Amino acid sequence: MTPDVVQVTPLTDYCLEAVFENGERRWFDMKPFLSYPAFSALTEKNLFMKAHAAHGTVTWNDEIDLSPDTLYLRGRSL
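In this note's numbering, the protein residues as written are 6 to 83.
Bear in mind the hints are in silico, worked out from the structure with no lab data behind them.
These numbers come from a predicted model, not from an experiment.
Just so you know, even glycine gets a beta-carbon here, dropped at the ideal spot from N, CA and C.
Errors might be hidden in some of the hints.
[What the hints assert, rightly or not] Here are the in silico distance ranges between beta carbons for each label pair:
#1 Thr48 with Gly28: 28 to 38 Å
#2 Ser82 with Asp18: 10 to 20 Å
#3 Met6 with Ala59: 13 to 23 Å
#4 Phe38 with Ala59: 14 to 24 Å
#5 Leu16 with Ala59: 16 to 26 Å
#6 Val11 with Arg81: 10 to 20 Å
#7 Lys50 with Met6: 31 to 41 Å
#8 Glu49 with Gly28: 26 to 36 Å
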């Protein structure tokens, strides 16, 4: 089972640094996802920089979130 996200830091280059409940840290590049309709609003830098951890996921607002599975499995270990 994938661990939950407990902390996330949005980076200015549309990447995320996430800390998971098991203590692992991962780096994730969001740029390839920004062309998907579900994430296209995140091209607005001010919105992207509002990323935060909530309920084990990364979320930006009530409509946009990122599965911890995607972040954990596709992210690069730090």
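Status of the hints after comparison with the structure:
1. Thr48 with Gly28: 28 to 38 Å: holds, 32 Å
2. Ser82 with Asp18: 10 to 20 Å: Taking Cβ atoms as reference, Ser82 and Asp18 lie about 18 Å apart, which means the hint holds.
3. Met6 with Ala59: 13 to 23 Å: About 19 Å separates the Cβ atoms of Met6 and Ala59, which means 13 to 23 Å holds.
4. Phe38 with Ala59: 14 to 24 Å: holds, 19 Å
5. Leu16 with Ala59: 16 to 26 Å: holds, 19 Å
6. Val11 with Arg81: 10 to 20 Å: holds, 18 Å
7. Lys50 with Met6: 31 to 41 Å: holds, 33 Å
8. Glu49 with Gly28: 26 to 36 Å: At roughly 32 Å between Cβ atoms, Gly28 and Glu49 fall inside 26 to 36 Å, so the hint holds.
Of the hints listed earlier, there is not a single one the structure fails to meet.
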